[in-house]
Every structure is written in C-alpha cells, then in structure tokens.
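Colleague: Those protein sequence lines, which keep their order, are chains A and B.
Numbered per this note's numbering, the first sequence finishes at 215, counting up by one with no gaps.
Numbered per this note's numbering, the second sequence finishes at 826, counting up by one with no gaps.
There could be a bad hint or two in this list.
With a Cα cut of at most 20 Å, we get these calculated DMTMM-like pairs of lysine to aspartate or glutamate [claimed, not checked]:
#1 B:K401 / B:D595
#2 B:K677 / B:D773
#3 B:K518 / A:D64
#4 B:K401 / B:E140
#5 B:K478 / B:E497
#6 B:K518 / A:E142
Source of the hints: derived by calculation from the structure; they are not laboratory data.
Quick caveat: nothing in here was measured; it's all calculated off a predicted structure.
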Amino acid sequence: MSAAIELCGERIELRADRSAFWPRRQTLIVADLHFGKADTFRAEGIAVPGGTASTLARLATALDRTGATRLVVLGDFWHARSGRTPGIMSELTDWRIERPEVQIEVVKGNHDRAGLPPEAWSGDWRSDDVADGPFVYRHHPESSEVGYVLAGHLHPAFRLFGAGRQTLSLPCFWLGIRVAVLPAFGSFTGTANVRPGVEDRVYVIADDEVIPVPA
Amino acid sequence: MKRRPPIAPAAPPHPPTVEQWMAARGWTPFAFQREVWAAYRAGESGLIHSATGTGKTYAAYFGAVLEALAEPPQAAPPPLRVLWVTPLRALSNDTAMSLQAPLAALGLAWDVGVRTGDTPSAARARQRKRLPTVFVTTPESLTLLLTHADAREKFAGLRCVVVDEWHELLGSKRGVLTELALARLRAFQPGLRVWGLSATLGNLDTAMEALVGPGRPGRTVRGHVPKPVAVDSILPPTVERFPWAGHLGLTLLPQVVAAVEESRSALIFTNTRSHTETWYQAILAARPDWAGRMALHHGSLDRTARDWVEDQLRAGTLRCVVCTSSLDLGVDFAPVDRVFQIGSPKGVARLLQRAGRSGHQPGTTSRVTCVPTNVLELAEVAAARAAIAAGEIEGREPVGKPLDVLAQHLVSSALAGGFRPAELLAEVRTTRAYQTLTDGEWAWVLDFVTRGGESLRAYPEFRRVELDADRYVVADAKIARRHRQSVGTITSDASTEVRFLRGGRLGTVEESFAARLKAGDRFPFAGRVLEFVRLYQMTVWVRRTVRPATTVPRWSGGRLPLSGALAAALRRQFDGAARGRTEGPEMMALRPILDVQARWSRVPRSHEVLVEQLTTRAGHHLFVYPFEGRLVHEGLAALTAYRLSRLRPQTFTLAANDYGFELVSPDPIDVDASGLKFLLRTEELTDDVAASLNATELAKRQFREVARVAGLVNPGLPHAGRTARQLQASSGLFYDVFREYDPDNLLLVQARREVLDRQLEFSRLARAIERIDASEVVLVRLRHPSPFAFPLLVDRLREAVSSEKLADRVKRMAAALERRAGEQAE
Numbered sequence: 001m002s003a004a005i006e007l008c009g010e011r012i013e014l015r016a017d018r019s020a021f022w023p024r025r026q027t028l029i030v031a032d033l034h035f036g037k038a039d040t041f042r043a044e045g046i047a048v049p050g051g052t053a054s055t056l057a058r059l060a061t062a063l064d065r066t067g068a069t070r071l072v073v074l075g076d077f078w079h080a081r082s083g084r085t086p087g088i089m090s091e092l093t094d095w096r097i098e099r100p101e102v103q104i105e106v107v108k109g110n111h112d113r114a115g116l117p118p119e120a121w122s123g124d125w126r127s128d129d130v131a132d133g134p135f136v137y138r139h140h141p142e143s144s145e146v147g148y149v150l151a152g153h154l155h156p157a158f159r160l161f162g163a164g165r166q167t168l169s170l171p172c173f174w175l176g177i178r179v180a181v182l183p184a185f186g187s188f189t190g191t192a193n194v195r196p197g198v199e200d201r202v203y204v205i206a207d208d209e210v211i212p213v214p215a
Numbered sequence: 001m002k003r004r005p006p007i008a009p010a011a012p013p014h015p016p017t018v019e020q021w022m023a024a025r026g027w028t029p030f031a032f033q034r035e036v037w038a039a040y041r042a043g044e045s046g047l048i049h050s051a052t053g054t055g056k057t058y059a060a061y062f063g064a065v066l067e068a069l070a071e072p073p074q075a076a077p078p079p080l081r082v083l084w085v086t087p088l089r090a091l092s093n094d095t096a097m098s099l100q101a102p103l104a105a106l107g108l109a110w111d112v113g114v115r116t117g118d119t120p121s122a123a124r125a126r127q128r129k130r131l132p133t134v135f136v137t138t139p140e141s142l143t144l145l146l147t148h149a150d151a152r153e154k155f156a157g158l159r160c161v162v163v164d165e166w167h168e169l170l171g172s173k174r175g176v177l178t179e180l181a182l183a184r185l186r187a188f189q190p191g192l193r194v195w196g197l198s199a200t201l202g203n204l205d206t207a208m209e210a211l212v213g214p215g216r217p218g219r220t221v222r223g224h225v226p227k228p229v230a231v232d233s234i235l236p237p238t239v240e241r242f243p244w245a246g247h248l249g250l251t252l253l254p255q256v257v258a259a260v261e262e263s264r265s266a267l268i269f270t271n272t273r274s275h276t277e278t279w280y281q282a283i284l285a286a287r288p289d290w291a292g293r294m295a296l297h298h299g300s301l302d303r304t305a306r307d308w309v310e311d312q313l314r315a316g317t318l319r320c321v322v323c324t325s326s327l328d329l330g331v332d333f334a335p336v337d338r339v340f341q342i343g344s345p346k347g348v349a350r351l352l353q354r355a356g357r358s359g360h361q362p363g364t365t366s367r368v369t370c371v372p373t374n375v376l377e378l379a380e381v382a383a384a385r386a387a388i389a390a391g392e393i394e395g396r397e398p399v400g401k402p403l404d405v406l407a408q409h410l411v412s413s414a415l416a417g418g419f420r421p422a423e424l425l426a427e428v429r430t431t432r433a434y435q436t437l438t439d440g441e442w443a444w445v446l447d448f449v450t451r452g453g454e455s456l457r458a459y460p461e462f463r464r465v466e467l468d469a470d471r472y473v474v475a476d477a478k479i480a481r482r483h484r485q486s487v488g489t490i491t492s493d494a495s496t497e498v499r500f501l502r503g504g505r506l507g508t509v510e511e512s513f514a515a516r517l518k519a520g521d522r523f524p525f526a527g528r529v530l531e532f533v534r535l536y537q538m539t540v541w542v543r544r545t546v547r548p549a550t551t552v553p554r555w556s557g558g559r560l561p562l563s564g565a566l567a568a569a570l571r572r573q574f575d576g577a578a579r580g581r582t583e584g585p586e587m588m589a590l591r592p593i594l595d596v597q598a599r600w601s602r603v604p605r606s607h608e609v610l611v612e613q614l615t616t617r618a619g620h621h622l623f624v625y626p627f628e629g630r631l632v633h634e635g636l637a638a639l640t641a642y643r644l645s646r647l648r649p650q651t652f653t654l655a656a657n658d659y660g661f662e663l664v665s666p667d668p669i670d671v672d673a674s675g676l677k678f679l680l681r682t683e684e685l686t687d688d689v690a691a692s693l694n695a696t697e698l699a700k701r702q703f704r705e706v707a708r709v710a711g712l713v714n715p716g717l718p719h720a721g722r723t724a725r726q727l728q729a730s731s732g733l734f735y736d737v738f739r740e741y742d743p744d745n746l747l748l749v750q751a752r753r754e755v756l757d758r759q760l761e762f763s764r765l766a767r768a769i770e771r772i773d774a775s776e777v778v779l780v781r782l783r784h785p786s787p788f789a790f791p792l793l794v795d796r797l798r799e800a801v802s803s804e805k806l807a808d809r810v811k812r813m814a815a816a817l818e819r820r821a822g823e824q825a826e
C-alpha cells in the first residue's frame with residue numbers, strides 16, 4: 001500500500017516499505033540502509049542475528065513492484081567500518097551484478113566514512129548532492145538553493161497519543177516546506193521521534209498502510 | 001539502644017573489651033546481639049531481622065571483632081576479612097564510619113574502606129593492590145571486583161560477609177547478583193560466615209535460603225524488639241460520600257501544617273516524586289517563614305542536594321522534609337520525632353518502615369500520621385493498623401532463575417580467569433535462584449554467550465566468550481572492558497539532567513517529560529519553580545521564576561498497588577463494617593459512605609465478591625470489587641473483557657483501581673453471578689491473560705531490561721566515542737530481530753514471563769481468581785453509582801478529558817449524587 005502525494009508538482013508515492021517512488025522518472029528513493037549494522041554488533045561481541053539479506057530482498061521487491069529502473073540512496077549505505085565483512089561485500093556484489101540494467105546513485109552519508117562500496121557498486125557512488133528536476137538528493141536534511149531537498153539521516157518517527165495514556169511511535173515521512181525526510185529503509189535501524197512544524201505534512205507507516213496524520 | 005546513667009570509666013591499662021566500649025557510650029548489649037556474637041564464634045551464618053530500630057549493625061559486626069580480639073594483636077592491618085554489602089551507595093560512607101568507630105579504642109589495627117561506583121580512581125588503584133580489612137561495597141561493585149583474575153587471592157582471608165538491608169535486594173535481580181557473588185565467595189572460602197540484616201518479612205525462610213544457599217543451616221535472630229508503633233490519621237472535617245482519587249490531597253494541608261508545628265522535626269512521606277514537589281510548594285506557600293528550615297528529598301535530585309538534606313536532618317536543623325521512599329532506608333535521623341504519610345502506604349511493611357524513621361529518642365514511640373488523599377483510604381489506614389497488630393507483614397518474593405543475569409555472570413566468570421562449565425554450573429546451582437536450573441537452560445545460556453545462540457550459527461566469526469583449552473575465557477580486551485562497564489542489573493529510564501543556565505545542577509527528569517516541554521513552560525522541581533529555556537545536549541536548561549507552575553514532572557513507576565497483606569486486611573475491615581462493627585476513628589469517619597454503600601448496594605463480607613451493574617448515558621457498566629490491588633484488577637478487567645468479547649463481539653472500555661474494576665460497553669453486558677464465575681475461571685488463564693493484554697507490546701518494553709542485563713544493549717556510557725554510538729540500538733529493535741530470526745530465544749521467553757509477573761502480578765492474579773471461585777458472587781443492580789463505583793467512573797473519565805475540565809465535571813456529578821443521597825435519607 002502507498003499514499004500518493006504531490007510534491008513540487010510531481011506525483012510521488014510514499015510506500016509502506018519505507019521507500020518513495022517517483023513514477024515519471026521511474027525512480028525509487030530510499031534512505032539510510034546501514035548495511036553491516038548487525039555485523040558491526042557481532043564484531044564487538046554482541047549477539048545479533050540477521051544481516052544484509054533482508055534489506056537487499058526488500059529493496060529487490062520494491063524495485064520489482066514499482067518497475068523502477070533507477071534507485072537513489074540518500075546516504076548511510078554503510079553502518080560502520082567493522083561491519084564491512086567479506087560476507088557482506090560478496091552479498092552486495094552479487095545483488096548488484098544481477099541488476100546491471102538498474103541505474104543506481106548513492107549519495108554519501110555521515111556513516112559512509114566507513115569505506116568504499118564493493119567494486120561492483122563503485123560507479124554508483126556520489127560524493128556530492130545530486131540535483132534532479134525540482135529535487136536535490138542529499139543525506140542531511142538541510143535546505144538547498146538548488147531545489148527541494150529529499151534527505152534521510154534522521155530515521156524519523158512520529159509519536160501518536162491515544163486514549164488511556166497510550167503512545168505509539170511509528171516511522172514516518174516528514175515533508176517540510178523545503179526539505180522532506182524519508183524513513184530509514186534498512187531492516188535493523190532504529191527511529192528517532194521528530195517534532196514537525198504546523199505547516200509540515202507527516203505520513204506514518206502503520207503495518208502495510210501509509211496514513212497522513214496532523215503534525 | 002538502652003541508655004544507662006553515664007559512668008566515667010577510669011582509663012583502662014589495656015584496651016577495653018567490647019562491652020566496656022559500649023558501656024562507655026551508655027549502651028548495654030542486647031540479648032540478640034550476644035546471640036549473634038556467640039553464633040558467629042560457633043561458625044554459623046544467619047539472618048537478623050527486626051521491624052525497626054538499631055543494633056543490627058554491631059550485632060553482625062562485633063562477631064568478627066570479638067574473634068579478632070581473641071587473636072594475637074597485629075601491628076599492620078590484616079587483609080580483607082569483613083565484607084559489608086549495602087544496597088545503597090549513599091549509605092556506604094555512613095556505614096564505614098560506624099564500622100570504623102570502635103576500632104582504635106579496641107586496639108584493632110584494622111582499616112576500613114569503601115568501594116562504590118562513586119569511589120575516586122586513586123582509591124580504586126590502591127584497592128587493586130590491596131583490599132582493606134573491612135570493606136563496604138554494593139552488589140555491583142562486588143561483582144565487578146570478582147571479574148578480576150586475582151579475585152581468589154584478594155578474598156583469601158575473608159571470614160565474614162554482612163548483607164545489609166537484605167529485604168531491599170531480595171525481590172530484585174540485584175538480589176540474584178548478590179546470591180551469585182555469595183556462591184563464588186563460598187567457593188573461595190567454604191567456612192565463610194554470611195549474615196543478613198533485614199526488615200521483618202512475611203517470608204523469612206525464603207529470605208534465609210536465598211542468603212545462605214538452599215540446604216545450608218542458618219540462624220534466624222529477631223533483633224531489637226520494636227518500640228510500639230502508633231498509627232493515626234488526620235480526619236477530614238467533612239466526609240464526602242462520593243470520593244474520587246486524589247482530589248482530597250491538599251485540602252488537609254492546614255491540619256498537616258498544624259501537626260508539623262507540634263513536632264520538632266518531621267518527615268513527610270509521599271508516594272511519588274511529583275507529590276513531593278507539589279506538597280513542598282504547598283507547605284512553603286502556607287508557611288513562608290519556614291523557608292530555609294524545610295527541604296525536600298527524592299531520588300531524582302542532585303546527590304549534593306540530597307546529602308545536604310540528610311546532614312541537616314541529622315543535625316536537627318530542619319522542621320520538616322517532604323520525601324519519597326528515598327528516605328525509607330539508611331541511617332537514623334535521631335531528631336525526627338514525627339512521620340507523616342500522604343496517601344495510602346499501600347503496604348504494611350512500608351508503613352512500619354516509615355513509622356520507624358521517627359522516635360529514636362529514648363522512651364518515645366514511633367508515630368506515623370496518615371493523611372488520606374481519598375476518603376476511602378481511611379479504611380486502608382485502619383486495615384494497616386490491624387495488620388501491624390496481628391503481625392501480618394508482606395513477604396518479598398525472590399526472582400527465579402533469570403537467564404539474563406546468568407548470561408552476565410558467565411561472561412563475568414570468563415573474565416575472572418575463565419571457567420570450566422561443570423564447575424561453574426555446580427556453583428551456580430548452590431544459589432536459591434538457580435537451584436532448579438535445567439541442563440537445557442544452562443546449555444542455552446552457555447551457547448548464547450559463546451556462539452550467540454542458535455540464530456548466529458550462520459556467523460561463525462562471532463565470539464564473545466571462547467573456549468581456550470578446557471576453560472571459557474574472554475580473549476578480546478574490548479569485550480572485557482565493555483562488560484566491566486555494564487556489570488549490574490539496575491536499569492533506569494532514560495533521564496535528562498536539569499541545570500540552571502548558569503550551570504548549577506539540580507537533578508534529573510525523565511526524557512519523555514523533557515521532550516514534551518515547550519519554551520516558557522514552568523514546572524516545580526527541587527523545591528523551586530523553574531522555567532524551561534531549552535533542551536540542548538541531553539540537558540534541560542532552566543531559569544528560576546516566581547510565576548506559578550504550568551505543568552508537573554512525572555516519573556514512571558509511581559503508583560504502587562495495594563499489597564496482598566493490606567488487601568486482605570482491608571477486606572476484613574469491610575467485613576466488620578458489613579456486620580455492623582465499626583471500630584476506630586477512621587472507620588467511624590467512613591460511616592456515612594458505608595451507609596450509602598449499604599443502602600444502594602452492599603458492603604461485601606469477606607466471603608463475598610460484590611458485583612454492581614449500572615446503566616448511564618455513557619453505556620452499560622459492570623463493576624467488580626475483588627479488593628486485590630490495581631495491577632491484579634487491570635489483569636482481571638482485561639481478562640473479563642477478552643473472554644466476554646469471545647462469547648459475543650462487544651467493545652469495552654476498562655478502568656481499575658485498588659478496590660475493583662469496571663467494564664463499560666455501549667451494549668448491555670449480559671452476565672449473571674454464575675456467568676461471572678465462568679468468566680473468571682482458572683482454565684487457560686496464562687494464555688487468555690497474555691492474549692487479552694497485547695502482551696507482545698508489553699514484552700517488548702520489558703525486553704529493555706533483559707537485553708541490557710544480558711549484555712545486548714549498551715548503556716549510554718559517559719565519554720563514549722564513535723564506536724559506542726555505532727553500537728546503539730534500542731531494545732525494541734533487538735526484540736524484533738530476535739523474534740524474526742530466533743523466536744525460541746529464551747531471553748524473549750523471559751521478557752514475556754517478567755511482564756506477567758511484574759506488570760500484572762500474575763501469581764497474585766491466579767490466587768485472586770481461586771479466591772473468587774470459592775466466594776459467593778453478589779450481583780446488585782444500581783440506580784445510581786455507589787460510593788465504591790464512583791472513583792472508577794471518575795478514573796475512566798480522567799483518561800478522556802483534560803484535567804481542569806474534569807475537576808469541574810466531577811464536582812458537578814458528585815454534587816448531584818450528594819443531593820440524591822440526602823433526599824433519600826430524609
């Protein structure tokens with residue numbers, strides 16, 4: 001399920017798998033993959049199961065479902081240096097080689113100091129912002145002169161208050177006046193509650209639905 | 001201790017005996033002290049308990065002192081001989097002082113040292129070379145010391161361990177940590193003597209077993225026979241017949257202030273930190289001339305502020321201190337001659353403990369005056385008094401084999417020079433907590449700390465604890481360091497420091513409260529009204545203001561449910577009232593309420609469970625009064641609603657308090673007395689309770705503690721660099737990952753069990769259902785809400801509307817009912 005919105009005159013689908021799809025350009029946009037995060041924990045002796053496989057599988061599904069021919073990653077491809085294990089490098093390489101037709105652009109995020117991507121991805125790496133139509137892809141949610149910014153970094157979630165002092169924190173798309181922040185796509189990534197302004201639009205992800213909520 | 005007329009002893013040619021030393025202070029040893037000394041000499045271990053009073057410290061200490069005096073004198077301090085474990089690091093310095101006091105006079109060349117999380121690094125470095133003869137520490141610091149490879153040598157001369165305030169540790173994972181440390185120390189020293197100091201508990205046998213280990217002999221010694229405890233109440237001048245929770249609160253302020261005036265120095269206990277702040281502000285507003293002579297004390301205040309308050313209390317310069325359970329424990333404040341309890345104490349032992357904080361002057365009684373915040377709480381005061389007279393005091397149930405603590409212990413043991421599995425398993429099973437640990441559970445935990453468990457089979461590079469020849473060790477220095485930094489089982493909610501813009505530290509509030517503050521919000525804290533400026537770098541920056549507060553900080557874990565012992569005593573009070581026996585000033589004051597309750601409905605006897613049905617504009621209400629405490633009622637309400645809705649689809653709104661619970665539905669609730677018994681049947685109880693309560697969501701929250709103790713989640717460490725930040729993940733995330741990859745992970749199972757035990761007091765709930773099953777269900781159809789029902793109606797409303805409007809609305813409703821009760825009486 002997804003919610004279709006209009007952003008800078010373009011139709012954008014906010015998807016419950018925590019990606020955004022831009023049909024006119026056949027572009028799938030995701031933020032904060034944090035590959036190798038579980039491996040980073042394991043390297044430090046903390047027992048976390050799971051790896052890259054589920055994030056890669058979800059990414060593949062999203063590409064298939066939308067029919068996107070282009071993938072934009074808004075930074076934090078990696079989690080940390082110690083998570084770049086040989087196993088992950090080969091998983092990522094295999095995944096990329098299976099999709100030669102997909103055009104990929106990875107904007108560098110702060111976690112990407114961890115190191116370079118596998119060889120197969122090296123052509124996809126962008127060290128600066130990428131301008132594309134009305135939009136600018138960058139990692140940090142800071143406004144730009146060039147266009148409307150699509151960013152990640154925050155892993156935004158929105159806290160809802162229900163009856164009986166119940167609260168619920170859900171990952172969200174946070175659309176501001178000049179910057180939109182996408183939820184973190186990676187499987188083993190946390191969230192941080194954000195406090196949107198009154199003019200912002202917020203779409204929370206509740207299971208398989210994307211629901212607009214009053215900010 | 002008993003005072004004798006002071007005698008002036010002639011300077012003795014030899015050091016005085018212990019008895020002479022005590023006599024010089026006007027003390028005579030109590031019989032129980034002599035009993036412990038003799039038992040210690042005979043090599044025994046044991047538990048010294050008393051409800052209140054002093055003398056326990058020297059009872060436990062002088063056994064070892066007398067033993068040393070009988071030996072040839074030594075010129076230099078001998079190695080560690082007496083280990084003193086205390087739950088509160090705040091107590092450790094005072095304890096060390098009382099342990100130090102007699103040494104010089106008795107001619108013992110012992111040194112006394114302290115080790116807690118606050119101990120400066122210079123002292124730690126000295127202790128790494130040599131431990132003092134008498135060593136005061138916390139369970140966490142002890143556990144940490146035991147992770148060092150030279151622990152066995154360091155503790156080689158140990159003869160005596162004293163565990164202070166054992167009742168405080170017993171019911172928690174800290175108690176399990178202590179049990180494991182004691183098992184290790186006994187393995188070092190088979191002849192080790194262990195003595196516990198405890199408040200009187202309903203289950204002393206269990207407390208003893210956990211202390212000395214199952215199957216080992218221990219002597220139970222009853223300490224200082226308590227002074228009589230006087231419990232009284234401040235009665236409201238008029239009694240509303242329709243009481244609702246909390247609203248009475250400050251209306252009794254003038255009476256409280258007048259009573260404080262009569263006393264020299266008073267402690268005013270409240271049940272929550274936020275009440276402490278509001279009562280402090282209210283008393284100060286009533287008596288501005290007390291400024292500087294009154295103070296407040298709770299666990300979120302800055303340590304230096306708390307130390308100051310404690311010092312002033314001891315010096316007798318304070319007229320009153322408003323406080324929470326933060327002052328339940330610890331050394332005596334001799335000048336305190338009166339104790340107040342705001343709101344129901346909710347437990348018998350708790351009230352006794354607090355009462356015992358007063359009356360340390362010779363010849364005085366301990367006196368506690370209860371101030372009800374809801375008129376029905378008067379019945380709880382009467383019940384508590386009766387329970388004290390009958391000696392019915394709550395027990396503390398120890399925690400059973402928590403696997404997160406065991407996982408931590410395995411890593412600690414691997415650090416301490418490594419372990420052989422069979423030996424460690426045998427040692428662990430000598431504790432009460434793990435005596436029933438199965439081979440399967442042991443194997444799971446061992447696998448978890450070595451290979452990361454079943455789900456990490458695919459990642460052979462993972463290692464935390466590894467096998468080196470026949471011993472399991474920690475080879476990675478990073479893992480060792482991180483483990484040492486996170487030893488322990490105390491998890492506190494994420495808190496945020498409160499500081500003045502100029503820099504002064506005030507204490508902490510919870511992050512969730514801080515996150516909701518807006519610039520300009522004003523809240524009472526640390527006895528001042530503060531204006532919120534901004535939240536920056538995990539700190540709430542504030543400035544003082546003279547304008548009134550706009551919001552009150554809340555700390556979680558505030559409300560305690562009525563204890564089992566007090567709930568039983570309360571049912572007897574109502575039984576007495578139902579039989580026309582109204583005794584004592586509190587129950588007399590409650591007569592008007594009980595009369596209406598009897599007229600419109602019924603005051604239940606002990607063998608009855610009252611159920612009321614009522615139809616209002618809000619819908620169809622079902623009220624059930626088991627009198628079993630709020631947590632049990634929350635569980636029963638959810639269970640009843642769940643089972644009802646499975647019989648027929650129906651939506652309910654729930655409310656619960658310490659006396660009963662309420663179900664409301666837009667449709668009629670079709671149930672009779674036997675139907676209700678069927679709804680509260682014992683079959684499939686665990687499954688239905690779990691299903692009725694979104695147990696997953698609750699377990700996810702409980703997993704926070706489990707993941708932290710088991711070493712999955714890193715506590716936020718000070719000065720942690722980027723590496724630590726890369727290792728931050730919330731426990732909820734871990735819970736999801738494990739549920740996906742490793743659903744049989746025993747830590748998940750444990751989190752679910754802990755939710756049932758702690759959030760719902762599941763075993764109490766099961767017993768309550770058995771009692772209801774054996775009782776007679778009395779169903780009454782109401783025309784108007786009864787006095788028992790009214791607080792539940794209001795509680796439910798509270799969830800829906802904002803508090804100020806609520807107050808008006810509730811007042812109107814109460815006035816309408818009051819009129820109706822009046823008309824009928826005429």
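Colleague: If a hint holds in the structure, say so; if it doesn't, say that too.
Modeller: Against the structure, the hints come out as follows:
no.: 1; hint: B:K401 / B:D595; in the structure: 49 Å, violated
no.: 2; hint: B:K677 / B:D773; in the structure: 6 Å, holds
no.: 3; hint: B:K518 / A:D64; in the structure: 45 Å, violated
no.: 4; hint: B:K401 / B:E140; in the structure: 18 Å, holds
no.: 5; hint: B:K478 / B:E497; in the structure: 29 Å, violated
no.: 6; hint: B:K518 / A:E142; in the structure: 23 Å, violated
The structure fails hints 1, 3, 5 and 6 (numbered hints given earlier, in ascending order).
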